[in-house]
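From first to last, the protein sequence lines stand for chains A and B.
Following this note's numbering, the numbering of the first sequence begins with 1 at its first residue and continues without gaps.
Following this note's numbering, the numbering of the second sequence begins with 1 at its first residue and continues without gaps.
To be clear, the hints were calculated from the coordinates, so they are not data collected in a lab.
This structure is a prediction, so every number in the text was calculated from the model and none was measured.
Mixed in with the good hints, there may be bad ones.
What the hints assert, rightly or not - Computed spacing ranges between beta-carbons, pair by pair:
no., chain 1, residue 1, chain 2, residue 2, range
1, B, SER84, A, ALA20, 37 to 43 Å
2, A, ALA20, B, ARG112, 16 to 22 Å
3, A, VAL57, B, ALA139, 36 to 42 Å
4, A, LEU14, B, ARG27, 40 to 46 Å
5, B, GLY221, A, GLY28, 52 to 58 Å
6, B, LEU42, A, GLU65, 32 to 38 Å
7, B, ARG81, A, ARG32, 54 to 60 Å
8, B, ASP28, A, ILE8, 50 to 56 Å
Using N, Cα and C, we set each Cβ at its ideal position, and we do this for glycine too.
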Amino acid sequence: MNGSEERIDLEAPLSGDFQAVVRLIIGGIAERVDFAFEEIDDLQLAVERLLAEAGQVGTVHLTFEVGETGIRARVGPLSQRVVEDALQDGDVLPGRLTLRRILQTVVDSFGVEESADGRIVVRLEKLKGIA
Amino acid sequence: MSTAPRRSPAPERAREEDRELLRRYHRDGDTSAREELIQRHLPLVRSLARRYAGRGEALEDIEQVGAIGLIKAIDRFELERDVSLATYATPNVVGEIKRHFRDKGWAIRVPRALQELNASMSGAIERLTGKLGRSPSIAEIADELKTTPEEVIEAMEVGSAYSTVSLSTGPGGDEELDPLETIGDEDVEFERSEHRAALEPALDRLAPREREILRMRFEEGLPQTQIAHRIGLSQMHVSRLIRKSLGTMREELLRAPPGTSA
């Protein structure tokens with residue numbers, strides 16, 4: 001993503017009750033970048049699938065960097081090893097529906113980063129008008 | 001030319017065919033028989049769903065919820081029962097639809113204006129997609145519906161809320177624990193979590209249409225607009241089905257005993 005970016009930080013409970021709130025906020029942020037309906041839906045789905053893997057207890061930190069061309073989101077900590085395994089797979093075989101395949105479909109790029117305390121943060125990037 | 005009176009489709013024969021399909025599914029594990037049963041009884045679901053139309057929910061969404069009831073009825077049917085599948089499925093379908101409305105609690109929690117905005121968004125998105133040749137932005141949808149972008153975003157969320165129903169409804173009905181509540185200690189949780197990475201064993205639990213939508217989206221990489229066009233649903237409905245299907249599959253994996261596939 002190029003150009004000046006604005007940043008939004010959000011700490012949300014992992015309880016399912018708050019997933020709708022997170023979706024709402026993503027919708028509001030993406031609307032500011034003039035994302036298409038489908039692009040917003042894609043980003044919401046990506047975050048939602050990551051949150052589903054994060055469990056139901058505690059909180060999750062979400063960061064959104066909003067630029068002229070798109071949004072970069074970071075979601076974490078996602079301490080379950082399955083998330084890392086799923087994202088660091090090799091090639092995805094046809095017919096397998098993994099988290100990796102879902103993210104490959106709905107965002108333009110993604111990756112795993114390590115936070116200062118050694119926990120897993122997943123980075124998602126969704127660009128405007130690409131998919 | 002025969003002058004014999006026309007007979008309606010032989011109900012006895014249809015019932016026997018159902019029983020044969022149920023035998024193939026329950027005794028032989030023939031999932032194609034299950035799919036055929038679903039297809040054969042979807043008209044029943046549509047008929048029942050129409051009774052609940054006009055309550056602020058798109059008919060196609062009500063049909064979708066009803067189809068979950070049908071699938072549960074097929075899965076729970078006991079061959080020893082001396083009752084037709086249609087008779088057995090009807091209360092299951094109606095129950096699922098009623099539970100959907102009750103759980104969603106629209107009448108209490110969501111203002112009518114927002115319900116109506118949600119119901120009209122599908123059509124607006126279809127019109128704009130056709131006109132613009134791409135998925136419209138929120139501002140464009142708001143302009144089309146003469147409302148604000150904020151209200152459109154709120155209405156989007158209203159429409160997406162119902163996936164929580166299927167996620168929290170176990171096969172035993174209301175009394176059963178939420179699958180998420182059945183997760184045990186951390187070791188068990190971790191063993192289960194290993195299976196979540198590969199969702200595909202749970203694909204069998206989805207109706208054929210949902211499987212096909214997931215295949216088109218995640219294998220062919222088709223955008224929702226194209227999928228919607230191919231299968232004759234609205235883009236919003238395709239979006240909801242994708243989210244709901246992924247949630248259902250994950251629920252199946254959580255429910256499966258550790259070390260097994262769903």
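Query raised in the report: Has the hinted range 50 to 56 Å been met by the Cβ atoms of B/ASP28 and A/ILE8?
Result: holds (55 Å)
**Report entry** C-beta pair A/VAL57, B/ALA139: status relative to the range 36 to 42 Å that was hinted
**Finding:** Hint holds: Cβ distance 38 Å, inside 36 to 42 Å.
Query raised in the report: Can the suggested window of 32 to 38 Å be confirmed for the beta-carbon pair B/LEU42 and A/GLU65?
Result: For B/LEU42 and A/GLU65 the Cβ distance comes to about 45 Å; the hint is violated.
Query - B/GLY221 versus A/GLY28 beta-carbon gap, inside 52 to 58 Å or not - result: violated (28 Å)
Query raised in the report: Should the hint that A/LEU14 and B/ARG27 are 40 to 46 Å apart at their CB atoms be regarded as holding?
Result: Taking Cβ atoms as reference, A/LEU14 and B/ARG27 lie about 42 Å apart, which means the hint holds.
Requested in this report: Could you see if the CB distance from B/ARG81 to A/ARG32 stays within 54 to 60 Å?
Outcome: At 57 Å between Cβs, range holds.
Query raised in the report: Honestly, do A/ALA20 and B/ARG112 meet the 16 to 22 Å range at C-beta?
Result: 19 Å Cβ-Cβ, so the 16 to 22 Å window holds.
Query raised in the report: Is it true that the C-beta distance of B/SER84 to A/ALA20 lies inside 37 to 43 Å, as the hint says?
Result: holds (40 Å)
When the structure is compared with the earlier hints, violations turn up for hints 5, 6 and for no others.
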